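As you go down the protein sequences, you meet chains B and Z in turn. Using UniProt numbering, the first residue of the first sequence is number 1, and each one after it goes up by one. Using UniProt numbering, the first residue of the second sequence is number 1, and each one after it goes up by one.
Because the hints were derived from the structure by calculation, they are not lab data. All values reported here derive from a predicted model rather than from experimental measurement. Hints are not guaranteed to be accurate.
[As the list claims (entries may be wrong)] Taking beta-carbon pairs under 8 Å as the criterion, some of the chain Z residues facing chain B (in silico):
no., residue
1, Ala-26
2, Thr-28
3, Ala-112
4, Pro-135
5, Val-146
6, His-235
7, Ala-264
8, Ile-268
9, Val-269
[Stated by the list, open to error] Here chain Z is said to cover these stretches of chain B; the calculated rule only asks that three of the stretch's residues, wherever they fall, bring their Cβ under 8 Å from a Cβ of chain Z:
no., segment
10, 217-229
11, 299-308
For every residue, glycine included, the Cβ atom is placed at its ideal position computed from N, Cα and C.
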Amino acid sequence: MTQTTDTAPEGAAMTGRSSTDKAKADAQGRRPRPAGRRRGPAARRTRSWRDSPLRRITPWLFLAAPLALLITFTYVPVASMISYSFTDWDGVSPDRENVGFDNYVQIFTRPELFRVFFVSGYYLAASVVQIVVALYFAVILSFNLRFRNFFKGILFFPYLINGVAIGFVFLYFFQDGGTLDSVLDQLGVTTDHPWLGDPTSANVSLAGVSVWRFTGLNFVLFLGAIQSIPGELYEAAELDGAGKWKQFRHIIAPSIKPVISLSAILAISGSLSVFEIPYIMTGGATGTQTFVIQTIKLAFQFNKTGLASAAAVVLLLIILLITWIQRRLVPDDKVDLV
Amino acid sequence: MTSPDLTTDTVKAHRAARRRLPVGNALTYLSLLVASAVVLIPLAVVFLTSLKTSKEVGDGSALSLPGNWFNVDNYVTAFNDGKMLMAFGNTAFILVFSIGGTVIIGSMTAYAVDRFDFRGKKLVMAGFLVATLVPSVTTQVATFQVINGFGLIDTRWAPILLYMGTDIVSVYIFLQFIRGIPVSLDEAARLDGANAFTIYRKIIFPLLKPAIATVVIIKGITTYNDFYIPFLYMHSEDLGTISTALFRFKGPFGAHWEAISAGAILVIVPTLVVFLLLQRWIYNGFAQGATK
Numbered sequence: 001m002t003q004t005t006d007t008a009p010e011g012a013a014m015t016g017r018s019s020t021d022k023a024k025a026d027a028q029g030r031r032p033r034p035a036g037r038r039r040g041p042a043a044r045r046t047r048s049w050r051d052s053p054l055r056r057i058t059p060w061l062f063l064a065a066p067l068a069l070l071i072t073f074t075y076v077p078v079a080s081m082i083s084y085s086f087t088d089w090d091g092v093s094p095d096r097e098n099v100g101f102d103n104y105v106q107i108f109t110r111p112e113l114f115r116v117f118f119v120s121g122y123y124l125a126a127s128v129v130q131i132v133v134a135l136y137f138a139v140i141l142s143f144n145l146r147f148r149n150f151f152k153g154i155l156f157f158p159y160l161i162n163g164v165a166i167g168f169v170f171l172y173f174f175q176d177g178g179t180l181d182s183v184l185d186q187l188g189v190t191t192d193h194p195w196l197g198d199p200t201s202a203n204v205s206l207a208g209v210s211v212w213r214f215t216g217l218n219f220v221l222f223l224g225a226i227q228s229i230p231g232e233l234y235e236a237a238e239l240d241g242a243g244k245w246k247q248f249r250h251i252i253a254p255s256i257k258p259v260i261s262l263s264a265i266l267a268i269s270g271s272l273s274v275f276e277i278p279y280i281m282t283g284g285a286t287g288t289q290t291f292v293i294q295t296i297k298l299a300f301q302f303n304k305t306g307l308a309s310a311a312a313v314v315l316l317l318i319i320l321l322i323t324w325i326q327r328r329l330v331p332d333d334k335v336d337l338v
Numbered sequence: 001m002t003s004p005d006l007t008t009d010t011v012k013a014h015r016a017a018r019r020r021l022p023v024g025n026a027l028t029y030l031s032l033l034v035a036s037a038v039v040l041i042p043l044a045v046v047f048l049t050s051l052k053t054s055k056e057v058g059d060g061s062a063l064s065l066p067g068n069w070f071n072v073d074n075y076v077t078a079f080n081d082g083k084m085l086m087a088f089g090n091t092a093f094i095l096v097f098s099i100g101g102t103v104i105i106g107s108m109t110a111y112a113v114d115r116f117d118f119r120g121k122k123l124v125m126a127g128f129l130v131a132t133l134v135p136s137v138t139t140q141v142a143t144f145q146v147i148n149g150f151g152l153i154d155t156r157w158a159p160i161l162l163y164m165g166t167d168i169v170s171v172y173i174f175l176q177f178i179r180g181i182p183v184s185l186d187e188a189a190r191l192d193g194a195n196a197f198t199i200y201r202k203i204i205f206p207l208l209k210p211a212i213a214t215v216v217i218i219k220g221i222t223t224y225n226d227f228y229i230p231f232l233y234m235h236s237e238d239l240g241t242i243s244t245a246l247f248r249f250k251g252p253f254g255a256h257w258e259a260i261s262a263g264a265i266l267v268i269v270p271t272l273v274v275f276l277l278l279q280r281w282i283y284n285g286f287a288q289g290a291t292k
């Protein structure tokens, strides 16, 4: 080790990748030369810095706070959630008993606990509608229409609105004599159907609200992907006599496949973790209870932390499984982050 | 769209060709108008309701117009009785700290991971990557115990820490951006005797501005809109954020739709203003955030 103590404070804290490269270059190519007349001190500094203990510490100084937060608020909860799930802990008392897989057995055998998975079905169907609608408008608005930005803004804006506000807007929308009834009345359809009154109708209504809220995000994602297709491709296709439908099928559809697959995965995990809209609008009444509402109620209202943890672990496993399947099916560098 | 060497005539011709639509023009516009109506009518009706008197709401149809377009009584009620001012204050407090924290945490992580080689780097990256897969909605049962252990339940620091500590998307936004900043800049500064922290603070951080803007916008809007975290962690009425304060309208205002509507509009207007001012950044930001 050729450490020069005088350069330690500045030199030691140099950044890594490039300087390591340079040090390598120095070590190999430039060795015959007397280590650079003009920038001699710097080169010496670089080399000595490479082995300095401070250099090894520097990245950890930057990572200390982020890693502490990551571990405390992601990994510790996951680990403790798994350990709670095998106990009958109530979340408060100091003692808890190990119950093995009993909580998991309960989730899959007690019909009233298992029912929430069927509610997800409504939201899953809704997200199919959502993706189709978003795709339609993204294709249309990728053309040069008049008022294009205006329509784009209108379609996207619901995604930005506060969920509680949306909940109230649609409570009024569906209420007896509310917005929906009045609009239908104007169109000549008189109905006094209680939209949130029975489980099927309520779930369909709530899923509809979720389409209203989230279509904008899918739409903007699709639009961005379509607009990144070079215009020459359409021109070439047109010269070859391809119609609009063929252009969609062979140019647009393949280019936005990764975004569609991403939306599909977000849709599936999203429809399993619906919380806000049904909780705000119905509180989970009339058969609209979702998995997350049930878990939150188990944990914080009925003090069944053990059972709630097991439910959360099941949801986590399902979501991990879906993500894994999606990455198997569509290997895509956009999703493969680093 | 077209290569620059084409004459203006062909450019025009191509533009015209691109402008032609797959379906008839009229049908396309009709579908857009229907979609706009579906988006706007529920919001417009709530806006109308917020201007009506209690009697007007009771008697008239939902679509009827308010008698006095400048009736702000409901807004005053919502603002005072709904404690909206306090809620905006709490939300602002949480926004400032959680956004500031996220920007610092995210950019430090990106700087450390992109600019240094160190043992355990792969493990650190994997740690952040796997965390993106864990939906925070599932882990709250246990996160609650962690926050409880710190004694932070029912303080504004609980949401701040959670927003700061669980935002992995912003780490990726910074990471992608920092890769585009030439390493030669770091080196030049280092030759001038700057240490790693000075390089981060004086060179990297200022150059990250566009990424910071993206993170601030996404984080700002999602934090402003979040209901779940404040609902779980801040029960006292004085600690209401705009979401939880609005949610509490459900009880005391019961069937007073004019007050509830005014509250909802109060919450929506700031979002609308921000959206109109920052449209372009918002589209890009959310597109970037969602594909991470």
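These are the hints, each one checked on the structure:
1. At about 12 Å, the closest approach between the beta carbon of Ala-26 of chain Z and any beta carbon in chain B exceeds 8 Å, and the interface hint on this residue is violated.
2. Because the closest C-beta pair between Thr-28 of chain Z and chain B is about 6 Å apart, less than 8 Å, the hint holds.
3. Because the closest C-beta pair between Ala-112 of chain Z and chain B is about 4 Å apart, less than 8 Å, the hint holds.
4. Residue-level restraint check for Pro-135 of chain Z holds (minimum Cβ-Cβ distance to chain B is 6 Å; threshold 8 Å).
5. For Val-146 of chain Z, the suggested interface contact is upheld, since its CB lies about 6 Å from the closest CB of chain B, less than 8 Å.
6. A least Cβ separation of about 10 Å between His-235 of chain Z and chain B goes past the 8 Å threshold, and the interface hint is therefore violated.
7. Among the interface hints, the one on Ala-264 of chain Z holds; its C-beta lies about 4 Å from the nearest C-beta in chain B, closer than the 8 Å criterion.
8. Given hint, Ile-268 of chain Z at the interface with chain B, holds; its Cβ is 5 Å from that chain's nearest Cβ, closer than 8 Å.
9. For Val-269 of chain Z, the shortest C-beta to C-beta distance to chain B is roughly 10 Å, which exceeds 8 Å, and the interface hint is violated.
10. For the segment 217-229 of chain B, the proposed coverage by chain Z is satisfied: 4 residues have a C-beta within less than 8 Å of a C-beta in that chain, meeting the threshold of three.
11. Look at the segment 299-308 of chain B against chain Z: 4 of its residues bring a Cβ nearer than 8 Å to a Cβ of that chain, three or more, so the hint holds.
In summary, the structure is inconsistent with hints 1, 6 and 9 from the numbered list given earlier, while agreeing with the others.
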